[in-house]
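S.K.: Sequence:
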Amino acid sequence: MALQIIGAGFGRTGTESLKRALEMLGFGPCHHMHEVMERPELNTQWRAIAAGADPDWDRVFDGYRSTVDWPSTHYWDALADHYPNAKIILSLRDAAGWFKSMQNTILPVLRDSTDAESFGTSVIRDQLFSGNLDDRDHVVGVYKDHIARVKARIPPERLLTYELGSGWEPLCAFLGCDVPSEPYPSGNRPDQFHEKIAEADAAKTVQ
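So in the numbering used here, the last spot in the sequence shown is 295, and the numbers never skip.
Please note that a few of the clues may not be correct.
[To be verified] For lysine-lysine, the following BS3-like pairs were computed, each having C-alpha atoms within a straight-line distance of at most 27 Å: (1) Lys188 with Lys239; (2) Lys239 with Lys175; (3) Lys175 with Lys232; (4) Lys232 with Lys188.
[What the hints assert, rightly or not] The following label-pair restraints were derived from C-beta to C-beta distances: (5) Gly264 with Ala136: 34 to 44 Å; (6) Asp266 with Ser218: 40 to 50 Å; (7) Asp225 with Glu111: 34 to 44 Å; (8) Asp266 with Ala204: 44 to 54 Å; (9) Met89 with Asn220: 16 to 26 Å; (10) Ala90 with Thr202: 36 to 46 Å.
In case anyone wonders, no lab produced these hints; they're calculated from the structure. All residues carry an ideal CB built from backbone N, CA and C; glycine is no exception.
My request is simple: use the sequences and hints to build the entire structure.
M.R.: Pasting the structure below:
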């Protein structure tokens, strides 16, 4: 099974809702950071990639029809080449709202991480953001540069620039799907995010 949808948007751009929406439209299962947290074999694969292993994308995404969020979005360009028939969805939101959401969720986790071999620490924190999480202009600059690179690299007919809160219509039009009768999914508020992090930490302790 080859990926049909590749999400190129950073975390905190509605990626969990987009995951659920894609699954409701028949493009599931959808790979997401939560999958990595919940499946030890995926965690092992992404740790190896973070350490410099040559990715075997077909193995990483075996059984998945789509992917959104980190860690996969860090490799959106390589995935776009590896799966040339896949459509690309660039989820985004205004930079100020994105940074505020990051400050309330992901950035504190990355700052406090002592797991140097995790994908989040070694790749997202230390490579993507150069370890400089306290400089708002720097973090927002990385976000804006990423958006510009995706738009410049992917041809318009293959790319959906999907604004947070846009609902079903632009997504379904891009994918050629009927609009569901159910409301577009929502979730992963900051409190829910931290609950999932705590659950993952507790699971590691049990193991």
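S.K.: Is Lys188 close enough to Lys239, meaning Cα to Cα at most 27 Å?
M.R.: Cα-Cα ~23 Å, so holds.
S.K.: Taking the CB of Ala90 and the CB of Thr202, does the distance hold inside 36 to 46 Å?
M.R.: Hint holds: Cβ distance 37 Å, inside 36 to 46 Å.
S.K.: Assess, step by step, whether the Cα of Lys232 is no farther than 27 Å from the Cα of Lys188, and give holds or violated.
M.R.: holds (15 Å)
S.K.: CB of Gly264 to CB of Ala136, is that within 34 to 44 Å?
M.R.: holds (36 Å)
S.K.: Check the following: the C-beta atoms of Met89 and Asn220 are separated by a distance inside 16 to 26 Å.
M.R.: violated (38 Å)
S.K.: Indicate whether the distance between the beta carbons of Asp266 and Ser218 respects the range 40 to 50 Å.
M.R.: This hint holds: roughly 44 Å between Cβ atoms.
S.K.: Lys239 and Lys175: Cα distance at most 27 Å?
M.R.: holds (13 Å)
S.K.: Cβ-Cβ distance between Asp225 and Glu111: within 34 to 44 Å?
M.R.: Holds: the Cβ-Cβ distance is about 36 Å, inside 34 to 44 Å.
S.K.: Per the hint of 44 to 54 Å, is the separation of the Cβ atoms of Asp266 and Ala204 within bounds?
M.R.: holds (47 Å)
S.K.: For the pair supplied as a hint, Lys175 and Lys232, is the alpha-carbon distance within the 27 Å limit?
M.R.: Within the cut-off at roughly 21 Å; holds.
Comparing the model with each numbered hint stated earlier shows that hint 9 is the single one that does not hold.
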